[in-house]
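Residue-level listing of the chains:
There are 2 protein chains.
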Amino acid sequence: MEVSKENFPEWYNEVIEEAGLVDKRYPVKGMHVWLPYGWQLMRNIDEYFRYIFTKYNHQEVYFPLLVPETEFKKEGEHIKGFENEVYWVTHGGTTPLDVKLVLRPTSETAMYPIFSLWIRTHADLPLKIFQIVNIFRYETKQTRAFIRMREVHFFESHTAHATAEEAEEQIRENIEIWKKIAKKLALPYILVRKTEWDKFPGAHYSIGAETIMPSGRTLQVATIHQYLQNFSRAYNIEYLKEDGTHDYVHQTTFGMSERLVGAIVGIHGDDRGIILPPEIAPIQVVIVPIITKDKEKILREAKKIKEELQEHFRVHLDDRDNYTPGYKFYDWELRGVPLRLEIGPRDMENEQVILVRRDTFEKIAVKRSEYISKIEVLLKEIQENLLHKAEEEMREKIKEFDDLEDVKNHKGIAVVGWCGSYECGEKIEKLTEKKIIGIPMEKRKGRCIICGKETDMMAYVAKPY
Amino acid sequence: MEVSKENFPEWYNEVIEEAGLVDKRYPVKGMHVWLPYGWQLMRNIDEYFRYIFTKYNHQEVYFPLLVPETEFKKEGEHIKGFENEVYWVTHGGTTPLDVKLVLRPTSETAMYPIFSLWIRTHADLPLKIFQIVNIFRYETKQTRAFIRMREVHFFESHTAHATAEEAEEQIRENIEIWKKIAKKLALPYILVRKTEWDKFPGAHYSIGAETIMPSGRTLQVATIHQYLQNFSRAYNIEYLKEDGTHDYVHQTTFGMSERLVGAIVGIHGDDRGIILPPEIAPIQVVIVPIITKDKEKILREAKKIKEELQEHFRVHLDDRDNYTPGYKFYDWELRGVPLRLEIGPRDMENEQVILVRRDTFEKIAVKRSEYISKIEVLLKEIQENLLHKAEEEMREKIKEFDDLEDVKNHKGIAVVGWCGSYECGEKIEKLTEKKIIGIPMEKRKGRCIICGKETDMMAYVAKPY
Chain H
2 MEVSKENFPE
12 WYNEVIEEAG
22 LVDKRYPVKG
32 MHVWLPYGWQ
42 LMRNIDEYFR
52 YIFTKYNHQE
62 VYFPLLVPET
72 EFKKEGEHIK
82 GFENEVYWVT
92 HGGTTPLDVK
102 LVLRPTSETA
112 MYPIFSLWIR
122 THADLPLKIF
132 QIVNIFRYET
142 KQTRAFIRMR
152 EVHFFESHTA
162 HATAEEAEEQ
172 IRENIEIWKK
182 IAKKLALPYI
192 LVRKTEWDKF
202 PGAHYSIGAE
212 TIMPSGRTLQ
222 VATIHQYLQN
232 FSRAYNIEYL
242 KEDGTHDYVH
252 QTTFGMSERL
262 VGAIVGIHGD
272 DRGIILPPEI
282 APIQVVIVPI
292 ITKDKEKILR
302 EAKKIKEELQ
312 EHFRVHLDDR
322 DNYTPGYKFY
332 DWELRGVPLR
342 LEIGPRDMEN
352 EQVILVRRDT
362 FEKIAVKRSE
372 YISKIEVLLK
382 EIQENLLHKA
392 EEEMREKIKE
402 FDDLEDVKNH
412 KGIAVVGWCG
422 SYECGEKIEK
432 LTEKKIIGIP
442 MEKRKGRCII
452 CGKETDMMAY
462 VAKPY
Chain C
2 MEVSKENFPE
12 WYNEVIEEAG
22 LVDKRYPVKG
32 MHVWLPYGWQ
42 LMRNIDEYFR
52 YIFTKYNHQE
62 VYFPLLVPET
72 EFKKEGEHIK
82 GFENEVYWVT
92 HGGTTPLDVK
102 LVLRPTSETA
112 MYPIFSLWIR
122 THADLPLKIF
132 QIVNIFRYET
142 KQTRAFIRMR
152 EVHFFESHTA
162 HATAEEAEEQ
172 IRENIEIWKK
182 IAKKLALPYI
192 LVRKTEWDKF
202 PGAHYSIGAE
212 TIMPSGRTLQ
222 VATIHQYLQN
232 FSRAYNIEYL
242 KEDGTHDYVH
252 QTTFGMSERL
262 VGAIVGIHGD
272 DRGIILPPEI
282 APIQVVIVPI
292 ITKDKEKILR
302 EAKKIKEELQ
312 EHFRVHLDDR
322 DNYTPGYKFY
332 DWELRGVPLR
342 LEIGPRDMEN
352 EQVILVRRDT
362 FEKIAVKRSE
372 YISKIEVLLK
382 EIQENLLHKA
392 EEEMREKIKE
402 FDDLEDVKNH
412 KGIAVVGWCG
422 SYECGEKIEK
432 LTEKKIIGIP
442 MEKRKGRCII
452 CGKETDMMAY
462 VAKPY
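Taken in order, these protein sequences are the chains called H and C.
Its first residue numbered 2, the first sequence is counted upward by one per residue in this note's numbering.
Its first residue numbered 2, the second sequence is counted upward by one per residue in this note's numbering.
Okay, chain H solo, but in the shape it has when bound (with noise of 0.2 Å):
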């Protein structure tokens, strides 16, 4: 890496190229060719999706991408905040189409009208699915590599309750899918909840997780909606009660996207490149053999070694000829992979191999005997050490102020009184030229920094990308 991480938006634009994640050259704006080691990088984590919400009772399906204008248009709200946005298709051939169809920009719109005939009885409930899938946004915003695109990797749950208790519920099960999640991914958050003004279009209430990135701005990661009856009276998805009567479900949804390699590259990353979690890195352990003499032999040991790996890692052997060791530690720090084994004549005399972690360079020899667990230990230890680290510095860009240049000022979430009124928020935000990102979960006592009421909520107040 040429730049620093220091100057975050251009280190992050460059390390996502550099370290093989994207090809940013597509000829259309906001749309990005993912490259083999970004799209595995990715399906390790679409791969979490399915098992955790496969684990949760979830199933996935796949509904079509396109939605007539005429469904789309059903939910008031909803096709408010999202008119300005989708792309329109138009034309099948050289023939105008006689309904309009919609790119999906979320799929309520596609589902719902499928719930209503899905679900009949009380015996129909709970019905939960996913589906991982492609949407697409006509950002008019700039855009920015896996945090702000016009096609975004997506994954999306889909939950209808016969009550509101049960639609509260699953929002309670969703934020314990969410923290397994995040720590898979070793990503710090805070979960807070939107303020009416920011909510999703059609939600009753919406909950973000939101992370800090090195930029002192924040990024919402997941987003978690309840819905309770909003959509289900606009699309009619009623149900018969055991006492007889019909009421319409209550709905829950939970968002997440490629943002979350964003996250992981720009709150991980450093000088040297990215750093990936190893519970998702698509390469574990790269073996890089050190050949001073014994050029053949060396190369059988690592193949030896890639084998004996293999079956307990995710390993690659880089045995290019035409690179130098060194070129070829500089290529994968590159690229993040959380360990290096080396391997050379000397390793060999030895019965040893050298292990070196990318988060902390530590260079450890162990014995060939003991290796395979000593791997699987310092593997969880970098996990753990990322996610620590990260919590340490987001902790640290958490800060309470009771003057607004303060708030206006710090690099990360301020932390202030609010009296809840619209009036005051929109001063907070007008006047610290920032956004009340959302307020906390819970309840607490203290004054608005606007009106000095007494309040017993905070705002949350950062520049969100």
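No lab work stands behind these hints, which were simulated from the structure alone.
Please note that a few of the clues may not be correct.
Identical copies carry no separate label here, and so any pair may be met within one copy or between two of them.
[To be verified] Listed next, the in silico DSBU-like pairs over lysine-lysine satisfying Cα-Cα at most 35 Å (straight line):
{"hint": "1", "residue 1": "Lys25", "residue 2": "Lys6"}
{"hint": "2", "residue 1": "Lys129", "residue 2": "Lys307"}
{"hint": "3", "residue 1": "Lys305", "residue 2": "Lys184"}
{"hint": "4", "residue 1": "Lys180", "residue 2": "Lys305"}
{"hint": "5", "residue 1": "Lys364", "residue 2": "Lys454"}
{"hint": "6", "residue 1": "Lys298", "residue 2": "Lys400"}
{"hint": "7", "residue 1": "Lys56", "residue 2": "Lys364"}
{"hint": "8", "residue 1": "Lys390", "residue 2": "Lys184"}
{"hint": "9", "residue 1": "Lys446", "residue 2": "Lys307"}
{"hint": "10", "residue 1": "Lys390", "residue 2": "Lys464"}
{"hint": "11", "residue 1": "Lys307", "residue 2": "Lys185"}
{"hint": "12", "residue 1": "Lys454", "residue 2": "Lys294"}
{"hint": "13", "residue 1": "Lys185", "residue 2": "Lys428"}
{"hint": "14", "residue 1": "Lys298", "residue 2": "Lys56"}
{"hint": "15", "residue 1": "Lys101", "residue 2": "Lys74"}
{"hint": "16", "residue 1": "Lys304", "residue 2": "Lys180"}
{"hint": "17", "residue 1": "Lys242", "residue 2": "Lys298"}
{"hint": "18", "residue 1": "Lys242", "residue 2": "Lys428"}
Remember, predicted model here, so these are calculated numbers, not experimental data.
Chain H is already provided as a structure; the job is to place chain C on it using the hints.
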């Protein structure tokens, strides 16, 4: 199933919904909702694609869905072939786009501008990539689940090579890969070379893998294309040769789609429902407890069996309370689970289970001490039996004729002599009301059924989907 498979089109239409593969009620023609069971089947096939193509040194990537009109129109033949069947995105929000965007009907035009950036010298070759995506075609013909859709789940591999010989070698490798896929899916097929007027738009030549559905109509389930330099010239994909001169790369592609699911459904199913080849079945063994007494004891045992088996197979325990065993048998036969395992009080006494094959309905009592190895053997036998039976049936439907009236009436593939001229080809198609779906991969002597000329070419004549 209320409809017999004798009445194939109706049977097919019903079974795909009754077996839980798709829901056809999505409000856009030619676009269906994939239900969990159908989507799992498709994803199992996708996983095999990933496995086999990775083994053959292909890497998975993801290119954007939307292709700018300017890139789309670069290869003349290609655009002529597709311009009437692509969807056009013309607006972002309410803003007309400066450059209209096409929804990929296939990804040549999205990928090749980037290939020209990736490929610089001979050291960058060969390039072998694939992606698994959905493609979009504005079909004006009658749509049919899996077979002719407007949104299609699609596999595409793209390769680039230094020489024409290496590109030809890739075609041979693609055929080798296809043979493995066909075996995995238990699909019979013949390989044909497409006629000049039926080859892929822009290709030098095209090879199709054709199977025959119970209706006697043929279904093209895979296509392998040799492009040579047709696209590399249009997209300027040049490389520096070892001798210092430049040349355009030589390209091939390999495409498959959800049609494979349609073929599996159509070819292996029977009057009771679909029959899934064990290698790709979402559920390989379904456990049905037979509860005449000792409910708790039987259920406990069924759970124990599930735990034992799931280490080795994809297993489901149907412990639904309010359904009879008879209903469950019917249900899982409809969904094509290859093997049913029954466990009741008598079986527990005898330390045995009852296994029932979906393909032959054979009932086999097996001792618990050896049931894992027995299930393994049975699943292999079912896989082989399905393929074998289907191959037999397909062979019977391929016949040589020297009378055009017989060709017209034949349900399947008619083989006739053909001089290879467009004129005679056109006459064959007109007089039989069928198509020449291709010519054999090897030469064979005969006489043209139209002009009587001696020829070393035959034509396969059939009614394709």
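Each hint, compared with the structure:
1. Lys25 / Lys6: Answer is within: at 20 Å inside a copy they meet the 35 Å cutoff, but 51 Å across does not.
2. Lys129 / Lys307: between (41 Å within a copy, 24 Å between copies)
3. Lys305 / Lys184: both (33 Å within a copy, 32 Å between copies)
4. Lys180 / Lys305: between (38 Å within a copy, 32 Å between copies)
5. Lys364 / Lys454: neither (57 Å within a copy, 78 Å between copies)
6. Lys298 / Lys400: Result: close neither inside a copy nor across copies, 58 Å intra and 59 Å inter.
7. Lys56 / Lys364: between (38 Å within a copy, 33 Å between copies)
8. Lys390 / Lys184: within (13 Å within a copy, 50 Å between copies)
9. Lys446 / Lys307: Neither: 58 Å inside a chain and 54 Å across chains, both beyond 35 Å.
10. Lys390 / Lys464: within (22 Å within a copy, 65 Å between copies)
11. Lys307 / Lys185: Classified as both; 25 Å inside a copy, 29 Å across copies.
12. Lys454 / Lys294: This pair counts as neither: shortest intra-copy Cα distance 77 Å, inter-copy 69 Å.
13. Lys185 / Lys428: neither (39 Å within a copy, 65 Å between copies)
14. Lys298 / Lys56: Between copies only: 26 Å across, 46 Å inside.
15. Lys101 / Lys74: For Lys101 and Lys74, the Cα distance is within 35 Å both inside one copy (12 Å) and across copies (24 Å).
16. Lys304 / Lys180: Between copies, since 30 Å is at most 35 Å while 38 Å is not.
17. Lys242 / Lys298: Answer is between; shortest inter-copy Cα gap is 33 Å, intra-copy 73 Å.
18. Lys242 / Lys428: Classified as neither; 47 Å inside a copy, 65 Å across copies.
In summary, the structure is inconsistent with hints 5, 6, 9, 12, 13, 18 from the numbered list given earlier, while agreeing with the others.
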